[in-house]
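K.L.:
Got chain H; can you put chain Y on it based on the hints?
Protein chains: 2
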Amino acid sequence: MWTTLSFTLTVLSLVLLSCPSSDSSRILVVPVDGSHWLNMEHILRKLHSRGHEITVLRSAKSWYIPENSTVYTSINIRMLEDEEDLEVYNRMLLDVIECRKKSRFIRSFCQQYEITKLLGKGHEILANSAALLLDDPVFMKKMHDAQFNLMLTDPGMPIGVILGSYLKLPTVFNVRWINNGESHFAMAPSPASYIPISGTELTDKMDFVDRVKNVLFYIYSQTELQFLIYPAYSNLMERHFPPGTDLLSLELSADIWLVRADFVFEFPRPTMPNVVYIGGFQCQEPSPLPNDLQTFVESSGDHGVIIMSLGTFVSALPRKATEAIAAAFAELPQKVIWKYIGQQPTTLGNNTLLVKWLPQKDLLGHPKTRAFVAHGGTNGMYEAIYHGVPVVGLPLLFDQFDNVVRLKERGAARIVEAKSITKESFLEAVKDVVENPSYRENVQRLSRLHRDTPMSPMDTALFWIEYVIRNKGAPHLRAVGYSLPWYSYFCLDVAAFLLVILVALVCKKQQQKNKKKNNKKTLK
Amino acid sequence: MWTTLSFTLTVLSLVLLSCPSSDSSRILVVPVDGSHWLNMEHILRKLHSRGHEITVLRSAKSWYIPENSTVYTSINIRMLEDEEDLEVYNRMLLDVIECRKKSRFIRSFCQQYEITKLLGKGHEILANSAALLLDDPVFMKKMHDAQFNLMLTDPGMPIGVILGSYLKLPTVFNVRWINNGESHFAMAPSPASYIPISGTELTDKMDFVDRVKNVLFYIYSQTELQFLIYPAYSNLMERHFPPGTDLLSLELSADIWLVRADFVFEFPRPTMPNVVYIGGFQCQEPSPLPNDLQTFVESSGDHGVIIMSLGTFVSALPRKATEAIAAAFAELPQKVIWKYIGQQPTTLGNNTLLVKWLPQKDLLGHPKTRAFVAHGGTNGMYEAIYHGVPVVGLPLLFDQFDNVVRLKERGAARIVEAKSITKESFLEAVKDVVENPSYRENVQRLSRLHRDTPMSPMDTALFWIEYVIRNKGAPHLRAVGYSLPWYSYFCLDVAAFLLVILVALVCKKQQQKNKKKNNKKTLK
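If you read the protein sequences in the order shown, they are chains H and Y. Those letters in the first sequence? Residues 1 to 524, by this note's numbering. Those letters in the second sequence? Residues 1 to 524, by this note's numbering.
No lab work stands behind these hints, which were simulated from the structure alone. Some hints here could point you the wrong way.
Repeated chains share a single entry, so a pair holds when one copy, or any two copies, can fit it.
Capping the alpha-carbon separation at 20 Å, the derived lysine to aspartate or glutamate pairs in EDC-like fashion look like this [what the hints assert, rightly or not]:
1. Lys205 x Asp493
2. Lys508 x Glu53
3. Lys472 x Glu441
4. Lys472 x Asp452
5. Lys408 x Asp204
With the rest of the complex left out, here is chain H:
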């Protein structure tokens, strides 16, 4: 059965991807910079190969999004930018490490507060940048004249959402984060009883205390939305959109949400008809390693290798932690390949190779790879699942804590805390993940389930993007509930009305009773 399906899928993929689309369409893309761009670029390449004309709006100062590309035409836009750089995150990391010394209950709030400080300023900058565009008649005429068929955007930063709504373009989101949480919180019912709010590090199985924390966190995040994030855009909304429009209503008018999630990783939860899951769409089969790496990996013998990458943050790990990690690695029988930038640890063993960059998918897909030491970024977690490699999570910031909790809950990861890392604790965790077969078995089961789909996540993404183009939107998949005020959505007006009727009926009955009594008294 399985082989039939595999064959089918291969045929499907080949057919889908080799044929350029017959009618060309014009797609306007507003990506989010940084690691989000890697995701978006991957889709753009495929869309380009299928004959679509792609225009990318990029900040003139962007480091990640190339100005010149064979895949797309870019338009430089003026983005008000923060003087933010990696230093912001490095400083934040130290604050977060302080937070993590607090109790389990408190630390999530402490960490979220660190994020709140960034969010306020960030959204103000984004709103002003969007206003610069809408207020620029030359730019807007160019946009109108281009007659785009689709807005494809990552609403993690809402400039694309605002511009697409203003231009009344059918819209597809390539999304995982929106506003201040995971995308479902904006568009699907999310009972706080079993759906952990982003940032809580809770699972879907919560005891009473967990649920108290989750509800309080829900209140915190709603407060953040209502008093910090949405108001940042209110001036822009008033000037350019019909009365009553807010950022959320623009977001909810998207036609299709391509959500970068898969329920082998996310906890199962309510979803909506216009949500399509493409988690892991960036994963690919490994290519052969460069010669030097291949020689190094092969030299590991039966023990195999361990891969470590913490993204761009490693230079900010406290020196003590780096030394502890290096010392622990030195005691392992495995070889280690460590993506590392900065001063070489004094405790580095002969078995450990420091590299400035590593071909992550090719190493994770290599049969000799035994474990992946990672900070818990979403892309890395899906790659670990795709290639079936167990994880030692060393989460540092943002969603990384939640991400590694998801893999741990499924028995596919151990978590090590940066705040208290020692050679011993790290060594014990790595040894456990490498030597205890359950981690490997669990992640490989996840891998089988993740790959067991009628269509690959990338082909699914392409299908729905083209679906929205050829059908000029997908309003029949959008719930009417999105346009209701909150008191109507929850039927609080109806409840109040029924309560009044009930009270009136009870009072009337009481009156009649009293009357009867009085009549009786009179008769007496």
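P.N.:
For chain Y alone, kept in the frame of chain H given last:
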């Protein structure tokens, strides 16, 4: 783009359907009789052609489910049966026609009460029939020994749900109705503010009065569940399942819900990760018509033909209604093919052909067909959408009222009331649907959207059935919320706790204030 996809889908379908599955599996099927069986049988044929061994449990007295088949082995079970027959529905039809003379607000409650009367008795019979099976050691040993890999059942009648849970089999539902409503109400959040409760004839766009009605109907249907339906099974649950088990918890333990719905027809609403939509999976391209029908159809010239079928109920339509319909048809320039059993109407025109049976899909798929006069059964509605034929709805019972409302809301149908049908009103409605091009345009747009999927609904059903077999279930897609008590699910316990804390804090503050005041007074 579209042609590429079509080609892909064809290749996919051919590959999927031509290859028998490599590992055979044993599937236990508990269908629902009647029109539900037609749906199930269609899937069973495909599963058989893919090499699965199928065992069907049927009532020894079943009229619809053949005992002997080349597709499956059947096992006769003793079903306690009602003396119910078509007469029950005929009597009910008259009661429902009475209901429909009441106001829009009231009539839904009146009709639902007619259904309630059937439901109570029906579920008692079903519970006792299920008990007969579980209490029969010879039958149960046979079931255990057969080592089935899957329970495939229509939970419209829950014998398969109960037996599958008892045997601890991975379970797939082929479902549209469960307990007393459309299947989503049992397993997905369903805000009453925009999701019309089954039986209300409301759409997703409700004004305040509509929402009051919907909330009251919600309360009615919950009462029916809690005090009529679930209690019917409580004795069975106590004797055969762990404490705390009820019918709902067994239903919610299904691995995959293949829901016979599509959002070109249903209003968009929250859904769950283990729900897969297969609405219209029974639809097929038309075959050529039998010679006599083909001649009749061709003789209609450019005017075309109108098809009428009211399922098995037409003999029960009041004589007056039948005469009015026949008289209206007689005035049309179209030819009419009418599935009709009973005494020939005196007003029958020369253009109208009465038949005892008609090849519905072949007629609906014929280019000369202009309109479909139908009672609004789900299968017929999906066939109308699939073939792009506008509908004149003449709903009589059950979900038919809701079904035609859905097509009307999308501009693809007119509704005629059986309670007040006259020649004039019927003629006006049919003429409107045939002559006003908007009905045809709308239903053809629905048809395009319905067919615009990465995989056909039938292939989707087969994929997920085999998915559950090869993965031995799909618990990772099942939400934890299903196992929470209702007060925890809605966080009412947490709300109460937080309220207590808040009150305590306020009281304490007040006390301190008073103390201060007193101290001040003392000082004075």
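K.L.:
Compare the structure with the hints numbered earlier in the document and write down the numbers of the violated ones, lowest to highest.
P.N.:
2
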